[in-house]
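Engineer: Taking the hints into account, I'd like the entire structure generated from these sequences.
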Amino acid sequence: MLLITCPHCGPRPELEFRWGGEAHVARPADPSALDDRAWSEFLFVRNNPKGLFAERWNHAHGCQRWFNALRDTHSDKFVATYPAGAPRPDIAAEDAR
Amino acid sequence: MRRFNLANLLTEAVRGHEGWGRQWRSPEPKKSYDVVVVGGGGHGLGTAHYLAEVHGITNVAVLEKGWIGGGNTGRNTTIIRSNYLYDESAHLYEHAVKLWEGLSRDLNYNVMYSQRGVMMLAHNVHDVQVFKRHVYANRLNGVDNEWLTPEQAQAYCPPLSIDPRARYPVLGAALQRRGGTARHDAVAWGYARAADARGVDIIQNCEVTGFRRDPATGAVTGVETTRGFIGATRVGVAAAGHTSVIMERAGVRMPLQSFPLQALVSEPVKPVFPCVVMSNAVHAYISQSDKGELVIGAGTDQYASYSQQGGLQITTHTLDAICEIFPRFSRMRMLRNWGGIVDVTPDRSPIIGKTPVPGLYVNCGWGTGGFKATPGSAHVFAHTLATGEPHPINAPFTLDRFRTGRLIDEAAAAAVAH
Ligand SMILES: Cc1cc2nc3c(=O)[nH]c(=O)nc-3n(C[C@H](O)[C@H](O)[C@H](O)COP(=O)(O)OP(=O)(O)OC[C@H]3O[C@@H](n4cnc5c(N)ncnc54)[C@H](O)[C@@H]3O)c2cc1C
Ligand SMILES: [Zn+2]
Chain V
1 MLLITCPHCG PRPELEFRWG GEAHVARPAD PSALDDRAWS EFLFVRNNPK GLFAERWNHA
61 HGCQRWFNAL RDTHSDKFVA TYPAGAPRPD IAAEDAR
Chain U
1 MRRFNLANLL TEAVRGHEGW GRQWRSPEPK KSYDVVVVGG GGHGLGTAHY LAEVHGITNV
61 AVLEKGWIGG GNTGRNTTII RSNYLYDESA HLYEHAVKLW EGLSRDLNYN VMYSQRGVMM
121 LAHNVHDVQV FKRHVYANRL NGVDNEWLTP EQAQAYCPPL SIDPRARYPV LGAALQRRGG
181 TARHDAVAWG YARAADARGV DIIQNCEVTG FRRDPATGAV TGVETTRGFI GATRVGVAAA
241 GHTSVIMERA GVRMPLQSFP LQALVSEPVK PVFPCVVMSN AVHAYISQSD KGELVIGAGT
301 DQYASYSQQG GLQITTHTLD AICEIFPRFS RMRMLRNWGG IVDVTPDRSP IIGKTPVPGL
361 YVNCGWGTGG FKATPGSAHV FAHTLATGEP HPINAPFTLD RFRTGRLIDE AAAAAVAH
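Here the protein sequences come in this chain order: V and U. Under the working numbering, residues 1 to 97 are what the first sequence spells out, in order. Under the working numbering, residues 1 to 418 are what the second sequence spells out, in order.
Since the hints were derived computationally from the structure, they do not count as laboratory data. None of the hints are false.
Simulated pairs of lysine to aspartate or glutamate, DMTMM-like, Cα-Cα distance not exceeding 20 angstroms:
1. U/K354 / V/E41
2. U/K270 / U/E293
3. U/K132 / U/D409
4. V/K77 / V/D90
5. U/K354 / U/E389
6. U/K98 / U/E88
7. V/K50 / U/E224
8. V/K50 / U/E207
9. U/K65 / U/E207
10. U/K354 / V/D36
11. V/K50 / U/E248
12. V/K50 / V/D72
13. U/K132 / U/E151
14. U/K30 / U/E224
15. U/K98 / U/D87
Structural biologist: This is how it looks when you write it as structure tokens:
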């Protein structure tokens, strides 16, 4: 089980959290201007890297807040967690190891 | 290749079985091939087999970064069935079941396809309604599936508890009698042996690290590998959990996320469990292998990962449910558990066909349930690679459906994919 550090509550077991998919996927500013390809990108296509991944978590059985995390999907090691709205920390994959 | 038949078996029996030889070669890669298949799982090896057998294309290589069958093919719980809701899926998986029924003979290799029946338990009113709808939809598609009362379900699978006070009461079950299990390793080995016998090169310890493309047309001209450049104008990727990683090297972004999926086996015991039982509501799948182990599958972990391991709470949850439904297993010991990385699409249906890159084809998105499809998937993918156009059965399973919106939404139909 993962040990996840909620930026508001500190380290808690994974059981308290729900995973929310890729982070920083911005809703289109002008949805009616999108063509089918752009909608498809927004709705369905996701980064799926073997390495650093920015993802959303919800502390469902804690403070219930959404936040973001940087995790290495090869080792499952968390490199950083940060509040929703904050920019992705500038950490390269090599430094994270 | 020496065929397995009675005469050869008798000869070898008196010679101490020393004359069988290697079942497939281990060749050095050639400079180029007509078709390169990336991924030596069942889907990739099967594709090479049908390219050679059905289409006469034998100048083919299967490139595998580890050892053949070391991916999900060798890690799965081997449940085979075809009772999917939508027409497109029913046709695809039924195509596979029909091929399973003759596969050992076709390959001259015993894949131990055992039609012991797959029973899906209904624990609540919603399950009952959904499964009955499946039964009727399946029958319209010529796929066998029948509804059982709790008593009939218990008669078919005696260890099942149908106590109405149970935590997960059994209100009935859907049974596909032609479903069952097969020996996972034998599927990889049987396809490898048959393809090799027709001249296909199976190259292990050879990781595809990139693609070479024609600067003018963008078409593939070959693959970069850890064993050098290998030319091919037709490349088929069948790499399961690693599909996104490979396709990114060709500049194609995929609608996929890779998740760990876990399974475990018990100590081996005498035959106690005659069929396969699945419970979607509690995320548990169980059967007994011919070795005697109970083979138990769980649901995916919740987060994307390539770590080939998941959380213990997932398997614990599954075992809790198994012990509720089959109280007699509560004191059995579990021997081993493991994980595989499964590639999941938004609609839980696979992608089999063309990509935006000319000459590059993909067969992926099988997620938690692609073992059952192995022969059918390989057969239609070989057709697609040989002719450049999809077979009618895989025509709906395009990558482009995520743009057109013509999803094949088994995710909504089954609530879980398997
Ligand atoms: C625990 C578990 C239980 C499952 N249970 C069932 C079940 O009961 N029924 C069912 O139908 N399905 C089940 N599945 C799903 C099923 O295992 C898969 O859908 C199916 O086996 C996929 O086959 P494949 O040949 O596409 O993939 P794999 O067997 O994974 O083969 C892909 C191969 O590609 C290779 N590869 C990856 N990257 C590269 C590269 N860059 N270069 C060269 N080679 C590469 C890998 O090493 C691997 O060997 C289960 C899966 C798991 C993990
Ligand atoms: Zn919190």
